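Protein chains in written order, with numbering that gives the first Met the number 0: chain A, 0 to 403; chain B, 0 to 403.
Bear in mind the hints are in silico, worked out from the structure with no lab data behind them. There may be inaccurate statements among the hints.
Note that identical chains are pooled: a pair holds if it fits in a single copy or bridges any two copies.
Restricting the straight-line Cα-Cα distance to at most 20 Å, the calculated cross-link-like pairs of lysine to any residue (SDA-like) are [as the list claims (entries may be wrong)]:
1) 29 / 315
2) 366 / 396
3) 29 / 71
4) 366 / 399
5) 204 / 131
6) 366 / 356
7) 67 / 348
8) 366 / 397
9) 204 / 252
All figures in this text were calculated on a predicted structure; none of them were measured in a lab.
There are 2 protein chains.
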Amino acid sequence: MTISPLAPASFPDLPVIDGVTFAAAQAGVKYKNRTDVMLALLDAGTAIAGVFTRSATRSAPVLDCQTKLGGDPTGPAAILVNSGNSNAFTGGAGVASVAAVTSAVSSETGVPETRVFTASTGVIGEPLPHDRIVAKIAELKAGQSADGLADAAKAIMTTDTFPKGSATEIEVGGEKVRIAGIAKGSGMIAPDMATMLVYIFTDAKIDQSALQAIVSERNDQTFNCITVDSDTSTSDSLIVAATGKSGVDVTGNADFAEAVHSVMLDLAHQVVRDGEGATKFVTVSVEGAQTDADARRVALSIANSPLVKTAVAGEDANWGRVVMAIGKSGAVADRDRISIRFGDITVAQNGWRAPDYSEEATSAYMKNAELEIGVDLGIGAGSSTVWTCDLTHGYISINADYRS
Amino acid sequence: MTISPLAPASFPDLPVIDGVTFAAAQAGVKYKNRTDVMLALLDAGTAIAGVFTRSATRSAPVLDCQTKLGGDPTGPAAILVNSGNSNAFTGGAGVASVAAVTSAVSSETGVPETRVFTASTGVIGEPLPHDRIVAKIAELKAGQSADGLADAAKAIMTTDTFPKGSATEIEVGGEKVRIAGIAKGSGMIAPDMATMLVYIFTDAKIDQSALQAIVSERNDQTFNCITVDSDTSTSDSLIVAATGKSGVDVTGNADFAEAVHSVMLDLAHQVVRDGEGATKFVTVSVEGAQTDADARRVALSIANSPLVKTAVAGEDANWGRVVMAIGKSGAVADRDRISIRFGDITVAQNGWRAPDYSEEATSAYMKNAELEIGVDLGIGAGSSTVWTCDLTHGYISINADYRS
């Protein structure tokens, strides 16, 4: 598979996070000759927060994780993820598969079953051959390594063309706190609660409820602000684990929340950059709306519009389609107060084409790989930013053939 | 342009509707070597009903028509439509263009300006060169013909690959009443109030408010139940004109309402059959929902899902994507009560793959050009049916290049 032209130049150096180790293995769930299962083991006392899809048809692993969040954090914990099969819409067999994997991890590692979090990503509706995963758990236990996070990022890929990682560190009272995370996701991206699979680790010390509050708030500004194709996965899961091993208490520390936010946003952008068939990364910024909710409605209407996305693919400065997407959004708008810009070029204002509009200059701008579509509704203070990609022949090729 | 493989075998024979005449001309608004403007002239006493897009950025002609509906029906009336430019988001100049065209039609034909209904379809945001239309009005007046409706259907096409017409007749008390209509539409099809441009004519006698009631009610079951690409036009307009020339009063006649419905549904289906790049015509039927509104939510979520539509394009029996679309719809659903069928083949039931599911039989079914996706949510009596097409490379080709 060709790597997305929007991919970062290289996978980042991820720091070791004290208190967590990783391993990846080839279980052959669906893919051959590549890793497809990863196991992370977390020391006792790790606080685990998460958000999950709100889909009414969410997968068995998601339902299982949701019951476990916020439980007693005194024991060790584990995260096991497979790619190639999502174990979604698999009825009682799906529940049994989660139980089988969870039980095997617990037996092999001593982690209590209530602290084993699993996720599955891939085709929907086919029974998960969980025996293949169970057979690899001893190998995954034996292969644990503190610097195995990059391998884990590769094991959870499906239609992704590159592994996604991000890290940062901050100083709190002269002491370092490290944050590192991985994500997968490329299609079926319109997160409702979280996106696809995201795992972030930190050695910060923070209690579960404080961590959960940060994750839920920042999720609304990062993963819930991206869309590739308006389709919402049945498996979206974001888990943030704080091992506390740095000994630095970050409860109430604004820098820590910002640092978590920056890693989440970086990973969210990487998911868009790997949008199926994507050749353009598009920031849609809306301001001047009556409310933030209205601004978000307009931004998503633009970011999800097939006609806007195909125009971007064709490098066509077709701002009329942006007008259309504003109009259909359901947000309060006054046609004659709307202004639209592509990058720094104002293309429309006061309900009409800008007086000094230049087709030539705007068309030249559209050739960039990174674009911004800005809208000012001119009636209030509401604002919202979302990120998306274009809609190309590549998306059709991937999805008219791939059984995902 | 290749004609859609889903096009009807031929354009239907449309009956002459007493009380209305038509002509088409080449004004060169944008297209060359084809007709791009049509004028219909209606006798005094014609009742005119209509529905229009609810887009917040609707076009100048739509805003003008909305103020004129329901006015004094005693004088004659006119409908003038151009293709190639939608006169949407054109500010004060757009309003002036409508006024110029309306005034010229009134001067040439004697129809009061308050009874001249115009529409424009094509690129958004460019000033309408209305002088080119005004210059053709004398020719359009001179060329009026009672059997010119088929020519009018061709003149209003944009990315359409075939002209769309439909007709029926009923007997009321031994007297014939005729109904004939035309439509255009291929992309930017997710009607919110009506769709694209539709004109239906009848010689029935009925007052305006009774006609409007029929049109509004049936619109919700026809044009508002189709989607090509989830994008809503700024120009959607449906006008139904009853000349009364048959002398047959159809007020309160259920057969007449059904006959209007059948013409509307036929035209709506033809718009889907000419969906940009379409190779499959898909009926999505949802039942067992808590409410009709919930059923519609699920049906549109499936019909608008890029992943469902690309799977259909690839003839892939990927019912897992239908599960995903149900899950994201926001409708109340109980995963374990959902059943899904492709045609007569039950593919999933009780929250899992059907026990006798056959990939081979389902894949064979997907090769048909006409498909049905059926969903039973199993929790109530709400139902809804919508119609859509697949999402193909053809859609990308048309929209990454065409400035519409």
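Tested hints:
Proximity of residue 29 to residue 315 under the C-alpha cut-off of 20 Å is restricted to the inter-copy arrangement: shortest distance 18 Å between copies versus 40 Å within a copy. Proximity of residue 366 and residue 396 under a CA criterion of 20 Å is satisfied inter-copy only: 18 Å between copies versus 23 Å inside one chain copy. Proximity of residue 29 and residue 71 under a CA criterion of 20 Å is satisfied in neither setting, with 35 Å inside one chain copy and 69 Å between copies. With identical chains, the CA atoms of residue 366 and residue 399 are at most 20 Å apart between copies only, with a shortest distance of 13 Å across copies and 27 Å within one.
Taking identical chains as interchangeable, the C-alpha atoms of residue 204 and residue 131 are never at most 20 Å apart, the minima being 36 Å within one chain and 73 Å between chains. Within a single copy, residue 366 and residue 356 get their C-alpha atoms as close as 17 Å, which meets the 20 Å cut-off; across copies the closest is 48 Å, which misses it. In the homo-oligomer, the alpha carbons of residue 67 and residue 348 never lie at most 20 Å apart, since the shortest distance is 52 Å inside one protomer and 28 Å across protomers. In the homo-oligomer, the alpha carbons of residue 366 and residue 397 lie at most 20 Å apart only across protomers (19 Å), although the nearest pairing inside one protomer, at 24 Å, exceeds that limit.
Taking the shortest Cα distances, residue 204 and residue 252 sit within 20 Å of each other inside one copy (11 Å), while across copies they are farther apart (75 Å).
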